[in-house]
Amino acid sequence: MLYREAGDFKTSYVADSQTFPIKFDRYGYYFLLGFAFLVVPLIINDYWANAIVVPFLIYTIAALGLNILIGYCGQLSLGTGAFMAVGAYASYKMMTGFPDLSIIFVIILAGFVTAAVGVLFGLPSLRIKGFYLAVATLAAQFFLIWLFTRQAWFYNYSPTGMISAPTREVFGVPVTGPRASAVSMYMICLCFLVSLAWLARNLTRGTLGRQWMAIRDMDIAAEIIGVNPLMAKLTAFAVSSFFIGISGALLFTVYLGAAEAGEAFGIDKSFLVLFMVIIGGLGSIFGAFAGAAFLIVGPVLLKLLLVNTLGWPTDLAAHLEIMIIGALILVFLILEPHGIAALWRTIKQKLRLWPFPY
Amino acid sequence: MRDTATDEGYVTADGRKIGGVAMEMKNITLRFGGVVAIKDISFDIRWGEVRAIIGPNGAGKSSMLNVISGFYHPQEGEVIYKGYRRPKMRPYQVARTGIARTFQNIALFEGMSVLDNIMTGRLHHMSANLFQQAFWLGKASREEHENREKVEKIIDFLEIQHIRKTPVARLPYGLKKRVELARALAAEPSILLLDEPMAGMNVEEKEDMSRFILDVNDEFGTTTVLIEHDMGVVMDLSDRVVVMDYGKKIGDGTPDEVRNNEEVIKAYLGVAHD
Amino acid sequence: MPDTLLFAMEATLNGLTAGVMYALVALGFVLIFKASGIFNFAQGVMALFAALTLVGFQSGQIPFSHLINAMFGTRLHHFGWNMPTLLAIPATVVVMILLAILVERFILKHLVNQEPIILFMATIGLAYFLEGVGDIMWGAEVKALDVGLPKGMSMAVDEMTFNWFGYGFYIDRLELWAAGIAAILVASLTIFSQYTKQGRALRAVADDHQAALSVGVSLRFIWVLTWSIAGIVALVAGIMWGSKSGVQFSLSLIALKALPVLILGGFTSIPGAIVGGLIIGVGEKLFDFFMQPIIGGATENWFAYMLALVFLLFRPQGLFGERIIERV
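Residue numbers (numbering that gives the first Met the number 0), protein chains in the order written: chain A, 0 to 357; chain B, 0 to 273; chain C, 0 to 327.
Note that these hints are calculated values from the structure, not bench results. Where hints are given, some of them may not hold.
[Stated by the list, open to error] With a straight-line cut-off of 27 angstroms between C-alpha atoms, the simulated BS3-like cross-links for lysine-lysine are:
(1) K22(A) x K164(B)
(2) K33(C) x K128(A)
(3) K149(B) x K9(A)
(4) K349(A) x K152(B)
(5) K138(B) x K164(B)
(6) K9(A) x K138(B)
(7) K9(A) x K347(A)
(8) K9(A) x K349(A)
(9) K22(A) x K9(A)
(10) K142(C) x K243(C)
(11) K196(C) x K33(C)
(12) K265(B) x K247(B)
(13) K81(B) x K138(B)
(14) K175(B) x K205(B)
(15) K149(B) x K205(B)
(16) K152(B) x K175(B)
(17) K25(B) x K81(B)
(18) K149(B) x K164(B)
(19) K38(B) x K205(B)
(20) K150(C) x K243(C)
(21) K347(A) x K22(A)
(22) K128(A) x K108(C)
(23) K9(A) x K152(B)
(24) K81(B) x K149(B)
(25) K128(A) x K87(B)
(26) K16(B) x K205(B)
(27) K33(C) x K108(C)
(28) K347(A) x K164(B)
(29) K196(C) x K108(C)
(30) K9(A) x K164(B)
[Claimed, not checked] Restraint-style ranges between C-beta atoms, simulated for each label pair:
(31) L5(C) x P86(B): 53 to 63 angstroms
(32) P86(B) x I103(A): 43 to 53 angstroms
(33) L4(C) x R126(A): 34 to 44 angstroms
(34) L97(C) x K349(A): 34 to 44 angstroms
(35) D207(C) x Q103(B): 16 to 26 angstroms
Source: prediction; values computed, not measured. Note that the Cβ used here is the ideal one computed from N, Cα and C, for glycine as well.
Kindly generate the complete structure, drawing on both the sequences and the hints.
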């Protein structure tokens, strides 16, 4: 009976529509936020930051973005990798072009640039649907990567074709470049993630979110009851690409430090983020967190178990990982299309009654 | 909301005010390739009345409703709405002129809760922009709660409080139909279009639905156009009836006039009375 | 005759032969799409898997030997014999049919009536799974595949064109063979679907699932059948691509190239798949030939998709697809 909603009455519609209607959830959420901002910075080290925590934060942003597009608006995209690359290259061009511009603004602006590119490639969604649209987003994927690897202006004519992030500071603390510490990397990613998750929550609970879901569930009916499909789809593309662009900018500036488009933002990145969304749960903010955590932590654990403990060859472990991920996608789509988020809801439903299930 | 029509309307036997002409269909012809779905049909809809369109299967009733709601664009003829000729519009633009509808095969948003479904009906009463919504600033959250209250009134009116938060996919057929009506009503439409609101219902559900349709008309004075198969229900509900057969209009008038129309009896009542 | 024109003609010819390869993969897509409405993203990986299996059988590799070695510390590798090609190909066909049965049993059966987008994502999952299985079963290193098809420059074409234009075109004999085999494949598929009982059932299902079910066609059997045929088509595609450039992961990426081919040809048309394949093959070679000096090379990476994208905007149903009428 720890987890319950009985006796927790709502007396106004405002109280009824808050994010965490159950008290227990609300306190859990405050606790998590406090833990993430106050405790983790004290205990985080380079290994944890690099192997798990920072990639988790960054990919969660991408998964949130893609979930808005696929999970909420029902538009399938396979161009996530390329849109992350747009964010990365936009931030690179701005960092090198305007060295005095604060890195925070650079990353946000990179998000806006990506949003614009996303809208451009989202235009076909007005005429085409489903996997036809997936092919259109593949065009974005391959064209943009080609652009970033073949047109030297984008990588400032560097002889290696790589882009690398110079050191930038926030309040005098370096957050990018080789001098950035684990804590500063963690904090900047966390701040972005928390603010963006809050934005995503706001957008999906209001009238815009309902228009997206209406388009997802039945586009013709949605148009007849008054949803402008052009606006709904393009805003979804814009918001989604904004998130993905910021994620790409963070991945490059904060996490990788140096990148080459084909290597860092290939089609496998598109699939990785797509899988996070499917496994985590389509149409769920929590699902983006769960899916990213699962696909970041899972492979690390698998490698720890197979390579470090059992001494298996690395390539075998990698193949096993691909196989397991593929199988998991199938299992989730067949058994629980709404992913970990739905499993979590079921568990909570059970907890509500525990320990007196009858 | 009186309009430019010359005729100023009348008062019905049960004391409801029927206004002038709200919408006039003029010589509508609709073709799909070589098939003529609607052939040169004209009729009008008055403010405040319950107008029925009846006819056997394949008579073109649903196509007619689709023309009114802007989903199909007729090849010939025009739609005069609120005194003006309606230009070719996308369906969502038509919806914004105050026309809401339900669908023959329920078209609810299955992945959303009942409440969210009904709230989508109110979307053109909400105007917060992307940034206001993203930051949940003043207007966005205020609008959300104002509209929530309006929606709650409709929920009360249609007696669906207990399923407010239920995902629509889990509802039985009859309740889905009611939620769909709620979504259309939430738009506070000038004209409400109902496409076979009682199809597939049992007697009890039909009675409930009839009561709601009449109550809506009584309470809000909503002009209602409905398509129905069930002759008995139509005759009880509607003020005036258009009868269609094979895409043509074969009768138009009060239920009594239509009932006694030779051609209607021959084409509809005699042949396809199910 | 000016050189540019000659080079362009050669590029066109090369494009045509490359297009045949694309069409081969696209063919597998069309078969499955027609019968089950599933857009099988795993088609390319199926080609890779088939080619890997064929090489594995030919060279007498022990399946899963890496895994077994890692688990039990053994040093298994080969059975110690080589299987003749004529035996290895039917054996691979059997494996592909088994795969079709497993796919139906464990995936399709459970996803009936799901939305197309879910099914599509499921095949992406299948693609990953199969790729992992193929690698674990046979190892991921690049393998040479030789089934005895002739390779190297075609002297006949070289001589003929030299006599005509004074410049000999370079065409690989393998590609000429591929074109021939593709033609035979298409012809036999057509005969199969027109003149056999299973073929008619297949067309019935493609036309209308419900109606086919009601006259007693077993949907599950049809699915196994189409996935088997698609598996065999994948094997043929795998043999062609594998003989040309070795059996390796990039082989599964050709599947992605088949997507724009399908957009052009329409998802349900076999002739469409072939014409679409040829247009894309020729288009990307010519585009690269003319644009390379201006915007740089490697435009093949995206040309097909961009072409498909532009095409989608103007004719969403493809060249041969039927016009879609929306209803409520």
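Hint-by-hint comparison with the structure:
{"no.": "1", "hint": "K22(A) x K164(B)", "verdict": "holds (18 angstroms)"}
{"no.": "2", "hint": "K33(C) x K128(A)", "verdict": "holds (18 angstroms)"}
{"no.": "3", "hint": "K149(B) x K9(A)", "verdict": "holds (18 angstroms)"}
{"no.": "4", "hint": "K349(A) x K152(B)", "verdict": "violated (33 angstroms)"}
{"no.": "5", "hint": "K138(B) x K164(B)", "verdict": "holds (24 angstroms)"}
{"no.": "6", "hint": "K9(A) x K138(B)", "verdict": "holds (23 angstroms)"}
{"no.": "7", "hint": "K9(A) x K347(A)", "verdict": "holds (20 angstroms)"}
{"no.": "8", "hint": "K9(A) x K349(A)", "verdict": "holds (22 angstroms)"}
{"no.": "9", "hint": "K22(A) x K9(A)", "verdict": "holds (11 angstroms)"}
{"no.": "10", "hint": "K142(C) x K243(C)", "verdict": "holds (11 angstroms)"}
{"no.": "11", "hint": "K196(C) x K33(C)", "verdict": "holds (17 angstroms)"}
{"no.": "12", "hint": "K265(B) x K247(B)", "verdict": "holds (14 angstroms)"}
{"no.": "13", "hint": "K81(B) x K138(B)", "verdict": "violated (31 angstroms)"}
{"no.": "14", "hint": "K175(B) x K205(B)", "verdict": "holds (13 angstroms)"}
{"no.": "15", "hint": "K149(B) x K205(B)", "verdict": "holds (26 angstroms)"}
{"no.": "16", "hint": "K152(B) x K175(B)", "verdict": "holds (18 angstroms)"}
{"no.": "17", "hint": "K25(B) x K81(B)", "verdict": "holds (14 angstroms)"}
{"no.": "18", "hint": "K149(B) x K164(B)", "verdict": "holds (16 angstroms)"}
{"no.": "19", "hint": "K38(B) x K205(B)", "verdict": "violated (31 angstroms)"}
{"no.": "20", "hint": "K150(C) x K243(C)", "verdict": "holds (8 angstroms)"}
{"no.": "21", "hint": "K347(A) x K22(A)", "verdict": "holds (13 angstroms)"}
{"no.": "22", "hint": "K128(A) x K108(C)", "verdict": "holds (25 angstroms)"}
{"no.": "23", "hint": "K9(A) x K152(B)", "verdict": "holds (17 angstroms)"}
{"no.": "24", "hint": "K81(B) x K149(B)", "verdict": "holds (25 angstroms)"}
{"no.": "25", "hint": "K128(A) x K87(B)", "verdict": "holds (24 angstroms)"}
{"no.": "26", "hint": "K16(B) x K205(B)", "verdict": "holds (26 angstroms)"}
{"no.": "27", "hint": "K33(C) x K108(C)", "verdict": "holds (17 angstroms)"}
{"no.": "28", "hint": "K347(A) x K164(B)", "verdict": "holds (17 angstroms)"}
{"no.": "29", "hint": "K196(C) x K108(C)", "verdict": "holds (23 angstroms)"}
{"no.": "30", "hint": "K9(A) x K164(B)", "verdict": "holds (14 angstroms)"}
{"no.": "31", "hint": "L5(C) x P86(B): 53 to 63 angstroms", "verdict": "holds (57 angstroms)"}
{"no.": "32", "hint": "P86(B) x I103(A): 43 to 53 angstroms", "verdict": "holds (48 angstroms)"}
{"no.": "33", "hint": "L4(C) x R126(A): 34 to 44 angstroms", "verdict": "holds (37 angstroms)"}
{"no.": "34", "hint": "L97(C) x K349(A): 34 to 44 angstroms", "verdict": "holds (40 angstroms)"}
{"no.": "35", "hint": "D207(C) x Q103(B): 16 to 26 angstroms", "verdict": "holds (21 angstroms)"}
The structure shown violates the earlier hints numbered 4, 13 and 19.
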